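Peer 1: Letter by letter, the chains look like this.
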Amino acid sequence: MGNTHKISCAGFGGQGVMSMGQLLTYAGMLEGKEVTWVPAYGPEMRGGTANCSVIVSDEPIGSPIFDTGITTAVVMNLPSFLKFVPKVAPGGSIFVNSSIIEEKVQRDDVKVYYIPANDIARELGNDKLLNIIMLGAVVEIDKIVESESILKAFLKVFGDHKAKLIPINREALAKGAEFAKKLE
Amino acid sequence: MSTIVYQKPEGLTDVRMHYCPGCGHGIVHRLIAECISELGETENTIICAPVGCAVFIPKYFTYDSIQCAHGRAPATATGIKRVHPDKLVLTYQGDGDLASIGTAEIIHAAARGEKFTTIFINNGIYGMTGGQMAPTTLPGMRSTTSQAGRDVRINGNPIRVCEMLATLDGPAYIERVAVDSPAHVIATKKAIKKALTMQQAKKGFTFVEVVSSCPTNWGLSATKAMEFVRDSMIPYYPLGVFKDMEKEGE
Amino acid sequence: MAKVMMKGNEAIAKAAILAGCRYFMGYPITPQNEVPEYFSRELPLVGGTFVQAESEVAAINMVYGAGASGARVMTSSSSPGIALKQEGIGYCVKGEIPCVVVSMMRGGPGLGTIQPSQSDYLQATRGGSNGDYHIPVLAPGSVQEAVDFVKESFEIAQCYRTPVMVLCDGLIGQMMEPVELDHEPTKREMPDLSTWALGYSPKGKTNTVINLDIDAPNCEKENIRFFEEKYPAIEKNEVRWEEFMMDDAEYAFVSYGTTSRIIKNAVKALRAEGMKIGLVRPQTLWPFPQKPFENKNIKKWIVGEMNMGQMVPDVQLACGRKEDVLFYGRTGGMIPTPEEYIDFVKKELGGAK
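Protein chains in written order, with this note's numbering: chain V, 1 to 184; chain S, 1001 to 1250; chain A, 2001 to 2353.
Okay, chain V solo, but in the shape it has when bound (with noise of 0.2 angstroms):
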């Protein structure tokens, strides 16, 4: 059997969670794997937790969706992180936005990574990047894809007229994948 990752990717509205999980796909097809992108819709969008579902994986992918078996789950609000801690596969990972989620991980057979997201953000200037830091984070710890590929997707997902905005969300990657190589 192949490597296959299962990355759910959940937070508020506006909190890049779509686009986060976007930009792994496209980094992971850009790399020549088999890919897949699930958002939720509907009711669940509103006022609760937006989320999407992402594989990216060594061969030909089945079902497109998973509730359970998370190999990599991203939560960037409580809500999502009540969700999606308990589904978690065992030995998978779980990154959590620290700035904001002050709960922790009761279980001890996955490896958790607590990232302050909002205030590296912040620090960075521009609190908008705070989804970057995260995946910077992700790959980092997960290997899904080289994050030189996330910035080649970065421009295919959002336009090559944002190709300005490659040298910040560097800096995001490389500083989300430094904190959560401190943890390690």
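Worth flagging that the hints you see were computed from the coordinates, not collected in a lab.
All of these numbers come straight from a predicted model, not from anything done at the bench.
Keep in mind that the hints are not guaranteed to be accurate.
What the hints assert, rightly or not - Covered stretches of chain S (chain A as the covering partner; in silico rule of three or more C-beta atoms under 8 angstroms from a C-beta of chain A):
1. 1064-1070
2. 1100-1108
Stated by the list, open to error - So these bits of chain A aren't anywhere near chain V, every CB distance computed over 12 angstroms:
3. 2020
4. 2043
5. 2048
6. 2128
7. 2183
8. 2185
9. 2221
10. 2226
11. 2230
12. 2296
13. 2323
14. 2326
15. 2331
16. 2348
Stated by the list, open to error - 30 angstroms max Cα-Cα, derived DSS-like pairs, lysine-lysine:
17. S/1194 - A/2203
18. S/1190 - A/2203
19. S/1059 - A/2221
20. V/162 - A/2014
21. V/152 - A/2003
22. V/143 - A/2003
23. V/152 - A/2014
24. A/2347 - A/2299
25. A/2003 - V/164
26. A/2205 - S/1008
27. A/2268 - V/143
28. V/111 - A/2268
29. A/2347 - S/1202
30. S/1059 - A/2230
31. A/2268 - V/83
32. A/2205 - S/1202
33. S/1193 - A/2205
34. A/2003 - V/156
35. V/164 - A/2014
36. A/2003 - V/128
37. V/87 - A/2236
38. A/2205 - S/1194
39. V/162 - A/2003
40. A/2347 - V/87
We put the CB at the ideal spot given by N, CA and C, even for glycine.
Using the hints, position chains S and A against chain V.
Peer 2: Relative to the frame of chain V, chains S and A by itself:
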């Protein structure tokens, strides 16, 4: 040596029409053909038939034609005119078709300012299905589904379509005419021609309501039916121009 | 052309434009709103026309008019909206008007739910409008296949002068996958527009789209022509299916769309445990593939759908063994998991033997 003073206009086929004596459809069909011929559009016209007595329009005209679903002719004509903006496109609809089941379609085609022409035949009754109450059946008028006469407390009130459509910005021209007398027939032809001319100029949605007769389902002779149009229908559905973009522009 | 990531709904609209579709009429409904949104933005750029209709009913009748005028035209909707369009689909059938209808299914009946479903299998394959008729129904299992099938649908529609339905569940519309857009559909012979389309009649001739045959013998004659000429040709030329791990299979799932992907996971897991099981995936639901069901090695057929078993009778008829067809599905917008299918098979068939 003889001179032709009257003949079938081009645009009409040789098929004998199935309409009843005293019915207005035949007159209006002929007026449409005359106008289109005079405008030189006989080879360039597409006509949309309704569900109702005029469903056989494809047999009577030489134009390309389509039988539409009940009430949906304005939607179908929208599709046709968007594909063929330089063709003359008409819908021909009765009162059940246009003012009942197709109310949404006519209002929205008018509101969008779709550049086709609708000829609306208002005879206050369902002809083809055998004389049921129409949205335009007059108060007190008998039909097979209002046998004691239309009671507005039970059956609601008739709809005056021209007045309603005239509240919209999309229509370029709206007129109500009748075919109960030679003078009114001549006026009807003028209105149809004006509407088609404005369509040629791509001014917007054009609409001619023709107050007509249904002697068979009204239970009247042809002559009495004309009197009923004059004495009962026209007072409720006043004739006149309700909207004329060209006049407004002056 | 390189692969791009696209959401199913947008990919469908893009594929239609690439297939020459220049007219789209539709009405908003979840979960297919990205389809009209994409068309409204992109069609004007290629000289096309987008109309947001006042209703689903109006939209399909605009399609009837535009299709009758020889244009490549499409509409899309989701379950309750497709229910409204059925009248117009029937008119397009009778008038022999080519058009493509995309149905992005959600749970029903009634307003139901907006989550993905396959509960309009019967609506799509058994009519839904009145009268004797069929329309080709293509059921893609991925965003790529949605793109390819939309392109094929325009060809099929024009070739046989029929509405064609592309039947997807909401998940195919919402998900993103890499797609290649440069697939060329099979070219088919097209009847010349001058022989039937409005506005294309040669001088002195008339093209009419007739929907009312007031004389019953003629109406019967037309229906028989469809069933003796048009439908057999479609059955012969357009039927499609995929067989997955079927070579030595003793048991087989039958599934389409998203459910078939979920079942592929189950097949792989059961195979890993030694069970000889595979999947037959109909890609056309009408015509329904018959050939894969001639496989006499299959002891049990397990139908999997997101509905209460709407495809089961088709499988029973195709394999000819009613008692050997089992069913497991979820309904009302619920999506089954691979584990549910694995458990079902183990419970019903005892797993690997």
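Peer 1: Would you mind marking each hint as holding or not holding in the structure?
Peer 2: Hints and how they fare:
With a threshold of 8 angstroms between beta carbons, the proposed coverage of the region 1064-1070 of chain S by chain A holds, since 6 of its residues qualify and at least three are required. Remark: the region 1100-1108 of chain S is confirmed as covered by chain A, as 4 of its residues place a Cβ nearer than 8 angstroms to a Cβ of that chain, reaching the required three. Non-interface status of residue 2020 of chain A relative to chain V is upheld: no Cβ of that chain comes within 12 angstroms, the nearest being about 27 angstroms off. Distance to chain V confirms residue 2043 of chain A as a non-interface residue, since its nearest Cβ pair spans about 21 angstroms, more than 12 angstroms.
The beta carbon of residue 2048 of chain A sits about 23 angstroms from the closest Cβ of chain V, which is more than 12 angstroms, so the claim that it is off the interface holds. Interface exclusion of residue 2128 of chain A from chain V stands, the closest Cβ pair being 25 angstroms apart, more than 12 angstroms. Once the 12 angstroms rule is applied to beta carbons, residue 2183 of chain A is consistent with being away from chain V; the minimum gap is 17 angstroms. Every CB of chain V lies more than 12 angstroms from the CB of residue 2185 of chain A, the least distance being 23 angstroms, so the non-interface label holds.
With 12 angstroms as the threshold on Cβ separation, the claim that residue 2221 of chain A sits away from chain V holds: the shortest Cβ distance comes to roughly 48 angstroms. Consistency note on residue 2226 of chain A: stated as away from chain V, and its beta-carbon is indeed over 12 angstroms from all of that chain's, at 38 angstroms minimum. No beta-carbon of chain V comes within 12 angstroms of the beta-carbon of residue 2230 of chain A; the shortest separation is about 36 angstroms. At the 12 angstroms boundary, the C-beta of residue 2296 of chain A stays outside the reach of chain V, the nearest C-beta of that chain being 27 angstroms off.
The claim that residue 2323 of chain A lies off the interface holds: its Cβ sits roughly 29 angstroms from the closest Cβ of chain V, which is beyond the 12 angstroms cut-off. A cut-off of 12 angstroms between C-beta atoms confirms that residue 2326 of chain A is not in contact with chain V; the least separation is 20 angstroms. The beta carbon of residue 2331 of chain A sits about 17 angstroms from the closest Cβ of chain V, which is more than 12 angstroms, so the claim that it is off the interface holds. Every CB of chain V is more than 12 angstroms from the CB of residue 2348 of chain A (nearest about 21 angstroms), matching its label as outside the interface.
Taking the CA atoms of residue 1194 of chain S and residue 2203 of chain A, the gap is near 26 angstroms; set against the 30 angstroms cutoff, the hint holds. For the hint linking residue 1190 of chain S to residue 2203 of chain A, the alpha-carbon distance of about 28 angstroms falls within 30 angstroms, and the restraint holds. For the hint linking residue 1059 of chain S to residue 2221 of chain A, the alpha-carbon distance of about 19 angstroms falls within 30 angstroms, and the restraint holds. The straight-line distance between the Cα atoms of residue 162 of chain V and residue 2014 of chain A is roughly 23 angstroms, inside the 30 angstroms bound, and the hint therefore holds.
The hinted pair formed by residue 152 of chain V and residue 2003 of chain A meets the criterion: a straight-line CA distance of about 14 angstroms does not exceed 30 angstroms. Restraint check: the Cα-Cα separation between residue 143 of chain V and residue 2003 of chain A comes to about 23 angstroms, which is no more than 30 angstroms; the hinted pair holds. Under the criterion of a C-alpha separation no larger than 30 angstroms, the hint pairing residue 152 of chain V with residue 2014 of chain A is consistent with the structure, at around 23 angstroms. Proximity of residue 2347 of chain A to residue 2299 of chain A is assessed by CA-CA distance (about 16 angstroms); at most 30 angstroms being required, the pair is judged to hold.
This hinted pair checks out: residue 2003 of chain A and residue 164 of chain V have alpha carbons roughly 25 angstroms apart, not beyond 30 angstroms. With a C-alpha separation of about 18 angstroms, the suggested pair residue 2205 of chain A and residue 1008 of chain S falls inside the 30 angstroms cut-off, and the hint holds. The suggested pairing of residue 2268 of chain A with residue 143 of chain V holds, with an alpha-carbon distance near 25 angstroms, which does not exceed 30 angstroms. Note on residue 111 of chain V and residue 2268 of chain A: the hinted pairing holds, with a Cα-Cα distance of about 28 angstroms set against a maximum of 30 angstroms.
Distance restraint check for residue 2347 of chain A and residue 1202 of chain S: the Cα-Cα separation of roughly 69 angstroms exceeds the 30 angstroms cut-off, and the hinted pair is therefore not satisfied. Among the hinted pairs, residue 1059 of chain S with residue 2230 of chain A is consistent with the structure: their alpha-carbon atoms are about 26 angstroms apart, no more than 30 angstroms. This hinted pair checks out: residue 2268 of chain A and residue 83 of chain V have alpha carbons roughly 29 angstroms apart, not beyond 30 angstroms. With a C-alpha separation of about 26 angstroms, the suggested pairing of residue 2205 of chain A with residue 1202 of chain S holds against the 30 angstroms cut-off.
Of the supplied pair hints, the one linking residue 1193 of chain S and residue 2205 of chain A holds, its CA atoms being roughly 25 angstroms apart against a limit of 30 angstroms. Between residue 2003 of chain A and residue 156 of chain V the CA atoms are separated by roughly 11 angstroms; this keeps the pair inside 30 angstroms, and the hint holds. Distance restraint check for residue 164 of chain V and residue 2014 of chain A: the Cα-Cα separation of roughly 29 angstroms lies within the 30 angstroms cut-off, and the hinted pair is therefore satisfied. Note on residue 2003 of chain A and residue 128 of chain V: the hinted pairing holds, with a Cα-Cα distance of about 28 angstroms set against a maximum of 30 angstroms.
The suggested pairing of residue 87 of chain V with residue 2236 of chain A is violated, with an alpha-carbon distance near 48 angstroms, which exceeds 30 angstroms. Taken as a hint, the residue 2205 of chain A and residue 1194 of chain S pair is honoured in the structure, with Cα atoms around 27 angstroms apart against an allowance of 30 angstroms. The hinted pair formed by residue 162 of chain V and residue 2003 of chain A meets the criterion: a straight-line CA distance of about 21 angstroms does not exceed 30 angstroms. For the suggested pair residue 2347 of chain A and residue 87 of chain V, the alpha carbons sit about 25 angstroms apart, so the restraint of at most 30 angstroms is met.
Violated hints, listed in ascending order, are 29 and 37; each of the other numbered hints is respected by the structure.
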